[in-house]
Amino acid sequence: MRLTAFEREVLDGSHGDALAGVLREQVSVGEFFGADRLVEISNAHFMGDREVFGQAGLDYLTRLVDAGLTARVPTTRNAQSVDLEHAQLFAQSADLIEGEQRTRVLLRDLGVSAVNTCIGYQTVYQPRFGEHVAWGDTGTVAYANSVLGARTNYESGAAGLAAALTGRTPEYGYHLDTHRRANVRVRVSAALTDVAEWGALGTIVGERCRGYWNVPAIELAQARGPVSDQLKHFGASLASFGSMAMYHVVGITPEAPTFEAANRGREVLDEFEVTDADIEAALAREFPGGGEVDLVVFTAPQLSFFEAKQLADGLRGRKVADSVRLIATTNSMTFEALSEHGHLAAITDAGGVVLRGTCWYVMDPAAQRDTFGWRNLVTNSAKLVNIIRAHGYRPALRTTAECVEAAVTGRVSSR
Amino acid sequence: MTSTTFAVRQATGPTVEAEAVVSPVPFSARYDLDRTTGVISRGDHPLLGTSVRDRILIARGVQGGVAAGWAFLSMRDLGVGPCGLVFGATNPVMVQGAVTAGLPIVAGVDDAFFDAVSTGDVVRIDPARREVAVVS
Chain A
1 MRLTAFEREV LDGSHGDALA GVLREQVSVG EFFGADRLVE ISNAHFMGDR EVFGQAGLDY
61 LTRLVDAGLT ARVPTTRNAQ SVDLEHAQLF AQSADLIEGE QRTRVLLRDL GVSAVNTCIG
121 YQTVYQPRFG EHVAWGDTGT VAYANSVLGA RTNYESGAAG LAAALTGRTP EYGYHLDTHR
181 RANVRVRVSA ALTDVAEWGA LGTIVGERCR GYWNVPAIEL AQARGPVSDQ LKHFGASLAS
241 FGSMAMYHVV GITPEAPTFE AANRGREVLD EFEVTDADIE AALAREFPGG GEVDLVVFTA
301 PQLSFFEAKQ LADGLRGRKV ADSVRLIATT NSMTFEALSE HGHLAAITDA GGVVLRGTCW
361 YVMDPAAQRD TFGWRNLVTN SAKLVNIIRA HGYRPALRTT AECVEAAVTG RVSSR
Chain B
1 MTSTTFAVRQ ATGPTVEAEA VVSPVPFSAR YDLDRTTGVI SRGDHPLLGT SVRDRILIAR
61 GVQGGVAAGW AFLSMRDLGV GPCGLVFGAT NPVMVQGAVT AGLPIVAGVD DAFFDAVSTG
121 DVVRIDPARR EVAVVS
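Protein chains in written order, with UniProt numbering: chain A, 1 to 415; chain B, 1 to 136.
Chain B extracted, bound-state conformation (with noise of 0.2 Å):
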């Protein structure tokens, strides 16, 4: 197996390993989730009807409001959650609300990166080392 590994400028979090979901615009979870299944649920949204639950979220960007501090706790808990967090630049809400839930996020990751990766690859996040890769 090979991997290709990639720097982050900020990281925090438990290391973890799965299948990544790249959504090619700013993330929210309040405008593009139902968050009772984890689906994308945004009508305009390309990845529209696909799953985030236990694969790794990764967008260049985010968007919108306070709703992720708890939607990522909501959704831990009732099972329909992603299990780690990759963009390129973020803001405090998405921090926070995966710190609340427990989850690895990281941030600053290298434009390549998102040239490199697409959805359904292996991603690794391992935030105590600032490095993401992806792994097939």
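If we strip away everything but chain A, and leave its shape as in the complex, we get (with noise of 0.2 Å):
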């Protein structure tokens, strides 16, 4: 790689050892991948919390401390695995009540917002068009890369504060022009109305394409422009079933005004076409009966001000059902806003839980499940279907007013 004057020092423990074994770590993934060049970031987003990193990670990040090293761009901190106002009522473990709070402590001496959210892109930070950026956490690169037209690939836990530190990241993938062209040509006649309709199109898009380097672009011939949230389902499916990163819906987002131009020549793997039929299959694989259930969870992402606001005026006025547990999950920006809105007593009055700065798949749901015998869950969210299953539970994918209807009767409906 060529590297700037800067860079060589760095490597050469000019800056201490500390910096240079990061760099050095960047330098070895950019190798990988080809890279010629280092390219300066205006921002760092990552995650990093006990269940992910365990004691390995605390270690991790004690010596960046001791090493003095800290942010050299804004830096913020994906969701995390312990809501700690509501740690008792989820039975979570002392460690990872404990490993939050010296996490905390750490990533403030490393200057990084511990704000807790994988919705910063509606809540804390947007990028701008072509900006190049450092992000962890799948679904906000989805988002930032194709919604935004910034310019991120993955980073990991350490990758992402590796940037952050050094305010760099190694240039390849969807840094650059050419890897962001579509190779994937989507027809959707499907109407896509809810945001689980989008994420089973990000389910059937993301199985059947799936593949990091492989950018689909979506063509609607009835769905109406789709908003933010349906986006952010969208993509945050595409990345969790297919490994995703970019996606371009044509139309709509900023370089696919035409497929042709979302292409550019590149060599089209696969084409084929979503139906109403498509979407419909993909609801209805778990639960195409009904049955009974015991979590209704809406997160993964966490829910935008809006999203919450929906499912406040579905619960206003009702009551979940006692074999329920309702859960929603947000940041504590939109969750002062909700409460300010009175849309949070409308969901806790109702027996729902909401919990601010975690997501509920990393609060180690496989212990929950052993503590409270849950196991039938249904969600709104295609990315939390395909997740928890690994944790023991059986996942039903359905529309968020069947998700409430749910809630309240304690019955998941057939499709």
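Calculated directly from the structure, the hints in this document are not laboratory data. There are no misleading hints in this set.
To give a feel for the contact side, a few chain A residues facing chain B, derived at Cβ under 10 Å:
1) 29
2) 136
3) 389
Beta carbons are placed, not taken as given, at the ideal position from N, Cα and C, and that holds for glycine.
Starting from the two chains in their separate frames, assemble the complex, guided by the hints.
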């Protein structure tokens, strides 16, 4: 790789062994992917908490703090595994709680803003078109690349933090024009009204065209121009099922005024149509005949203000069934706004729980299953459906309205 | 002892030789593994109950998110993680996670490799030579 004088100094140890080690990791990754150079970034976002990094991660952060390293660009933290206010309610382990408390101190010392959100692009910082950033959390990456036209690869926990500490990242993949071109063409005749249906579209495209380097272009025949939350769920699902980091929606997203503009001569690997029947089949994969439900979860990604308002409107004046736990997650900024507008009370008065700063699937859901005997779960998040099977749950994907009805009746509807 | 060698397009890390665990489905550290034991825990995974501890994990593809970035470091610390990774195609998270944990990782392997290798075979990864070999 071609390195600047500053970068060579860092590698030589002139700025300390710790920073040299961090940059060395970045150069190794860059060389793996054939990067010519490192590119300076304006913003970093990373995932790091006790549930995902264990004691090894705490030790890693401690070494960086002890070396006096701090973030060189504004840096935020992704949703994490503990809502300290509700930790007892969910029987979260003392180890997780203590780990989160220790982590927050370490992150403060590293100059990281522990906003604990996976929807920072809806609440904290929106990079401009063409801006190079280094973001962790796959859903945030899909949104940044696709909807905002910013440029980032998946940056895992340690890699996102490394980018924050050096202020740069290897220039490969979605930092470069050539990799942003569409190579999958999907004509969608389905109507797609609810976020769950957009998530189902992500499931179908992600499963069929899996691969980090594949970029689908979606052509909508009848669906209205999607709103931010719908694109959020689509990208999160696409990333979860397909490991994809970018998509285009023709006529909607900034690099796709036409399919040809999005494609720019790249070989098309696959081309297919998604109909209403395909979306219906995706929604009906589990519990096609309906059934009893233990959990109704709105998360993955955290809810925006308007998603939470929709939930509040659906629950206002009603009661969640005694046999059901209803969980919604969001970040602190949205939580406070919901409280000010009475929407938080509408959800909690109905018996729901609103968690902040976390996303439920990182809260050790396997332990919760064992503790509370939960198994059957309904959600409007296709991403959660994909993840939660590994933790021993049987998940069903349903529309937001169907999820609310499942919470109130204790039964998920048939499809 | 015979060995069959295959070229790889992308590689980093030290040379390692160990028993293989070959996943017939795309690999995800978060979705597939109990990261405290190194045992594959996803209910519908074809290798449910198999340990990746001190083995070379092999899959044609990967899926899922950023958790792998910390998972390999955490599993190495607990002594339950794989000792090498071989993928047909990979995403940055696997590479970043492997580099942070000091694990060798290679990708862009010939398709024939996946037809030739089975769980239980001894495999050698040699990133410096950009090679992976089925040793026995």
